[in-house]
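Chemist: All chains should be modelled from the sequences, with the hints used to inform the complete structure.
Each residue of the sequence shown is one higher than the one before, counting from 1 in full-length UniProt numbering.
Hints are not guaranteed to be accurate.
Only pairs whose alpha carbons sit at most 25 Å apart, straight line, appear in this in silico PhoX-like list of lysine-lysine [what the hints assert, rightly or not]:
#1 Lys44 / Lys70
#2 Lys79 / Lys118
#3 Lys6 / Lys70
#4 Lys37 / Lys65
#5 Lys37 / Lys60
#6 Lys84 / Lys122
Label pairs and their calculated CB-CB ranges [stated by the list, open to error]:
#7 Tyr127 / Val105: 21 to 27 Å
#8 Phe46 / Lys131: 43 to 49 Å
#9 Lys84 / Ser42: 25 to 31 Å
Calculated directly from the structure, the hints in this document are not laboratory data. In this text the structure is predicted, and so the values were computed from the model without any measurement. Quick reminder that beta carbons are idealized off the backbone N, C-alpha and C, glycines included.
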Amino acid sequence: MFSGNKGENVERWFESFEEVADTCMWSDGQKAVYARKLLKGSAKIFASFECHTRTWHELKRGLVKEFSRKVNSRQVHQKLEETKKESDEACLAYMYRMLEIASHVDMEEEAKGATSIKELRKRLVMYEEQKSRRRKPIVKPQIQ
1 MFSGNKGENV ERWFESFEEV ADTCMWSDGQ KAVYARKLLK GSAKIFASFE CHTRTWHELK
61 RGLVKEFSRK VNSRQVHQKL EETKKESDEA CLAYMYRMLE IASHVDMEEE AKGATSIKEL
121 RKRLVMYEEQ KSRRRKPIVK PQIQ
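Modeler: Take a look at the structure:
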């Protein structure tokens, strides 16, 4: 589903949609029909009343033009700095939440702590292991 709400990435939604469409071998006509069915909120209203398209490519072009967000790298870096891990949130969930924020711009390689998702996942697993070791209480033998 795509609504066009703030924070949603229309390009990413189309990538995901087209991956499914390719797997199902949908024609352009089928893509247009199914895409319209998966719209809600502002995006649905826009497609119904503002975007008078006849083809899949026109629909896609119209939605991308209307709902693409212009985000600069400074805003994304600020959002990343402000975003903190919730106490009940798994490290991997936090990582994917941060990746979603970062996906709105091309991040410079130097700005990344890890050079790949695999490396980041490995670091997070090590971090969680260290964190769980620190939480375990030290049991001292009782002297009687």
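Chemist: With reference to the structure, classify each hint as holding or not holding.
Modeler: Structure-based check of each hint:
About 21 Å separates the Cα atoms of Lys44 and Lys70, which keeps this hinted pair within 25 Å; it holds. Restraint check: the Cα-Cα separation between Lys79 and Lys118 comes to about 23 Å, which is no more than 25 Å; the hinted pair holds. Restraint check for Lys6 and Lys70: satisfied, since their Cα atoms lie roughly 11 Å apart, inside the 25 Å limit. With a CA separation close to 19 Å, the supplied pair Lys37 and Lys65 stays within the 25 Å bound.
The suggested pairing of Lys37 with Lys60 holds, with an alpha-carbon distance near 14 Å, which does not exceed 25 Å. Annotation: proposed proximity of Lys84 to Lys122 holds, straight-line Cα distance about 20 Å (limit 25 Å). At about 26 Å, the CB distance of Tyr127 to Val105 agrees with the hint of 21 to 27 Å. For the hinted restraint 43 to 49 Å between Phe46 and Lys131, the CB-CB distance of approximately 45 Å keeps it satisfied.
For the hinted restraint 25 to 31 Å between Lys84 and Ser42, the CB-CB distance of approximately 29 Å keeps it satisfied.
When the structure is compared with the earlier hints, no violation turns up for any of them.
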